[in-house]
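Colleague: The primary structure of each chain is shown beneath.
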Amino acid sequence: MSALSVSDLSVAYGAAAVLHGVSLEVRAGEIVTVIGGNGAGKTTLLKTVAGVLRPASGQITVAGQAVGGRPSWEVARRGVALVPEGRGIFGDQTVRDNLLLGALARSPAHGAIAGDLERALGHFPALRERLDQPAGGLSGGQQQMLAVARGLMARPRFLLLDEPSLGLAPILVREIFAVIARLRDDGVTILLVEQMAAQALALADRAYVLERGRVTLAGPAAEIRENPGVVRAYLGSGRR
Amino acid sequence: MLVQLLVTGLALGSMYGLVALGYHITWATSRTMNFSQGHAVMVGAVVAWTLVVALGWPLPAGLLVTLAALAGFGALIERVAVRPFFRSASPAWLLSTIACGIIAENVAQLLFGKDARAFPSSLTQRPILVGGAGFYPQELLIPVVGLALMALVQLFYHRTPYGRQLKAVAWNAEAAGLMGINVPRAVMAAYALSTLLAGVAGVLLAPLLNVAPTMGTIIGLKAFAVAIIGGLGSAPGIVLAGLGYGVLEAVVAGYVSTGAREIVGFALVIAVLVARPWGLLGEPPARRV
Amino acid sequence: MARLGWAAVAVAALALPALTGNTYYLYLACSIGLLTIVTAGLNVLAGFTGQISLGHAGFYALGAYGAALAATRLGWPLWAAGAAGVLVAALVGAAVAAAALRVSGPYLAMVTIAFGIIVEHVLVEWVSVTGGPGGIFNIPKLPVGRTYWLIAAAAALALWLTANLRASAWGRALLAVKSSEVAAESLGLSAYFLRIVAFTISAAFAGLAGGLFALLNGYISPDSFTLQTSIVFLLALLFGGLGRLAGPLAGSVALTLLPEFLTGLADYRLILYGSLLLVSIYGLPAGVVGALAPRARPRRSADGAANGPGPDAAGGPRPTAAPAVIGSAPLLGVERLGVSFGGVVALAEVTLAVPSHGITAVIGPNGAGKTTLLNLITGYYRPGAGQIRFAGESIAGRPPYAVARLGVARTFQTAQAFDDLTVVENVMVGVAGARLGGLAGALLGMPGARRREREMRGVALTLLATLGLGARALEPATALPAGLQRWLEIARALATRPRLLLLDEPAAGLSPAEIEELDRRLTALREQGGPAIVLVEHHMELVMAVSDRVSVLDYGRVIAAGSPGAVRANPAVIEAYLGAPA
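Residue numbers (numbering that gives the first Met the number 0), protein chains in the order written: chain A, 0 to 239; chain B, 0 to 288; chain C, 0 to 581.
Keep in mind the hints are simulated off the structure, nothing from the lab. A portion of the hints provided could be inaccurate.
Said to hold, decoys possible - Incomplete in silico selection of chain A near chain B, CB under 7 Å: (1) GLY87; (2) PHE89; (3) LEU103; (4) ALA104; (5) SER106.
Stated by the list, open to error - With a Cα cut of at most 16 Å, we get these calculated EDC-like pairs of lysine to aspartate or glutamate: (6) B:LYS166 to A:ASP96; (7) B:LYS166 to A:GLU29; (8) B:LYS113 to C:ASP266.
We treat Cβ as the ideally placed atom computed from N, Cα and C, and that holds for glycine.
Start from the sequences, fold in the hints, and give me the full structure.
Modeller: Written out as structure tokens, the structure reads:
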């Protein structure tokens, strides 16, 4: 029962529908990716799962409990941590305070926070030197690292990553994906939304391709990788 | 004479700062403010007067209940007048907080009467004379307590987990929600704190100004002037602007006239709005498209 | 229906003196008239532009004292004294607005409260001029019967002026600023300037009412001009119906008569006002008038098309924008443009040349800086480095409305229709652009202004018809579905007759059929010699189909530029979109 499942989810901004009947599932221990071009609705999907947006219709359950339409702080306390697009770093607070804020949603059963802090810093050694600096002064790449580390501090059952590669230089993109691979090896369950399809598919167990608010392809990542539909979803078919 | 004016100015100015800090706190967390912040000043004084003077409670107990009542008043305003309009772009919260304020004023009139009443205090019985200048101990107490409270608020914000949560909401409410912070409750807490600070100013000023249902309006407005001058987004700017404004006011009133006082103060606000609309220590807002 | 209502009010106003000889009733009617004048002015400010003032008792006072002093001290005739009051209020209003409106909403409200308090203080303290707390006596006074006619005429005038204003290019511009400041500025309107105009008009109305108040009473004192008075003004407007033409009248009747019926509850007056205010905000967002006559009745849209302009109207095919620039200088030249936000580089050394014809697409992954580029070109952001030249002029750092006036139009990622206007009015805002005509002509509904109005309507209807929106021209913009709102926004931008049109993700949220339609329209626009177009778009089918040139942004830099086919085959582009295989 320990799964995150979305069924027949539709979301609209005002009159404009963005998601049309999307269904997907993330099982414990898996890494699942949702790929698709700009404007496909990937971010909307994650925001709705995390409770930032309200669904127009459809179900979202976390480990069997319905969370669709619940506010984000409740969803967070049920074990869903979203690392948002744009990172959502608290720029006026130190790196340490950002990480401690990340630990708010964790259940008390997890014991001392210090151990988690150590583990997070183990994944991101660059943050250790800057623990007491304001997070707003970090570079874009470091901020992304901090956002992921902060998400881990919640000891989430499901870690949702929204385009962690966004706006990063290629070398940092490689680094981020290396970190995600390590998290997977640590047994963190991840729902990864990415535009960088090649890297995401190389990491993931399963994948969904989102096109204009609909799931158009789904299956094991290895199969999706070979599917010519992926390139078409991104760059069009080229009529001219 | 100048020493006396400085003491009076610092006393009033620290209170303006305290009330203005309340505008800053709710503005930072929710982009809304209580336009009846001045009425909160009055509520603090009226409740304290009723408990301590009229009912003869011991001072500590009276103060404690007053503080609780103020926090409750702030929470109520948030719930009734602000939260329903939190996400709407319209300034409905502006009008609804005013409505709450004038209702509070009327209730105070009915319960307390329209006339001003003295709040006797041992600190306003006999003036102390220092170098030819005379002032009440209360006038010395006020800036000390005021500055200490403002420092406490800063400590609360920067050094306690709960303060950091409020700061997180202020910086990015959506991300704060993702951390598991109950954002509406944080906004309510900000309102409670804001009202509390204003009410404390009312209690402190009561022995000097007398207590009346209309006593808060002008203080609330001057505090807003202070918030504009210092920068609505800058707590240190507000504290400094409060002290400066109080001293300027006292000096103008002392050397020119009390009528000139208000005009100079208002002119200063206009000048700041023209030259630095975001305040002396504030930062210009980024334009969002 | 509405006309019938106005006629009934007029008949009642005309008949009242004949029906009652009781001067107290006439006095009450005068009070209603005065409140109507003030709230009609406030309606221009709060209803049209959405700004709140809680200091209008101050302008009311300026009008009253200005008129009273001119009449008593200077011995001016009454009409001149009244005019002096209006003038003083308007001038001070413009000054207060110019300072307070540099920052938005809450500041203005609080500054106006402070202003009102200051005026009250000055009235009390400046004894030698104002008479202090005792006020001014012996103001020449007309018999109440004659004052009644004067006030009734002035109130009718105030309502008539606001109705004319609402129906003019100025009124639409004010409502546009209220709905979306950003979009209004993209059409050449300066929100700051327009708000000052609205504030000044409202201050002048309050001054007029104040002057009449002095003449009605023959005696004024500071007690009549408190913060509570300002709150009652605003309350009357909100209760009557914010933004509705009849709202001021309805609210004034209610707020004047209510205390008369509740004289026993004088001690509870603030509670009553506060509760009414809360009730108005919670339950009657459009006031009593709105509750009685729900808005957004679906209208028979066919009329709109049928009433379209005849062949001789100014509509017709739009002339092509500007003669083609001979030679190689591009219409828009962006050179080494850079900007950073909070230390994060959003754009670096972006260079882009847009010729005066054809469609130039700008594509790139999320976060590549495409919208930032548009915002820099149109003046919403200031560049940190580099040059932007449009038609030979450097435009970097100019405000959005100034860029728009040069002939640069744009649309937004989330369509920003002006909600308070109908579809055709939305387009008319674009047709007028910064050319609003004379304010006096608009207020008075002069023949010239009316003629221009008809012309603009004709142009707008023609444009809507060519874009397939003709049938819905008279509906409120909010009634359009999302897809059509995009069309509306494009029509509005085209209505400014731009030389350059910037489209920010026009296909977002459109259905496949609508996207094909967009494809056809864009192609047609290019072939008919329309403006040069910069297309920021994610929908690759569309981009590849309609564009003449494509530039690809990634990490804030241009990584490729060329024909659609070449760009699509470029390995760097594929990598930017799909990522490099690990």
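Colleague: Does each hint hold? Answer for all of them.
Modeller: Hints, verified against the model:
Hint status for GLY87 (chain A) relative to chain B: holds, with the closest Cβ pair at about 3 Å, below 7 Å. Interface restraint check for PHE89 (chain A): the shortest CB-CB distance to chain B comes to about 5 Å, inside 7 Å, so the restraint holds. The criterion of a C-beta within 7 Å of any C-beta in chain B is met by LEU103 (chain A), whose closest approach is roughly 5 Å, and the hint holds. Using the Cβ-Cβ criterion of 7 Å, the hint placing ALA104 (chain A) at the interface with chain B is satisfied: the shortest such distance is roughly 3 Å.
Restraint check, SER106 (chain A) versus chain B: the minimum CB separation of about 10 Å is more than 7 Å; hint violated. With a CA separation close to 11 Å, the supplied pair LYS166 (chain B) and ASP96 (chain A) stays within the 16 Å bound. For the proposed pair LYS166 (chain B) and GLU29 (chain A), the alpha carbon gap of about 35 Å is over 16 Å, so the pair is violated. A distance of roughly 10 Å separates the Cα atoms of LYS113 (chain B) and ASP266 (chain C); the hinted pair therefore holds under the 16 Å criterion.
Going through the hint list in order, the structure does not satisfy hints 5, 7.
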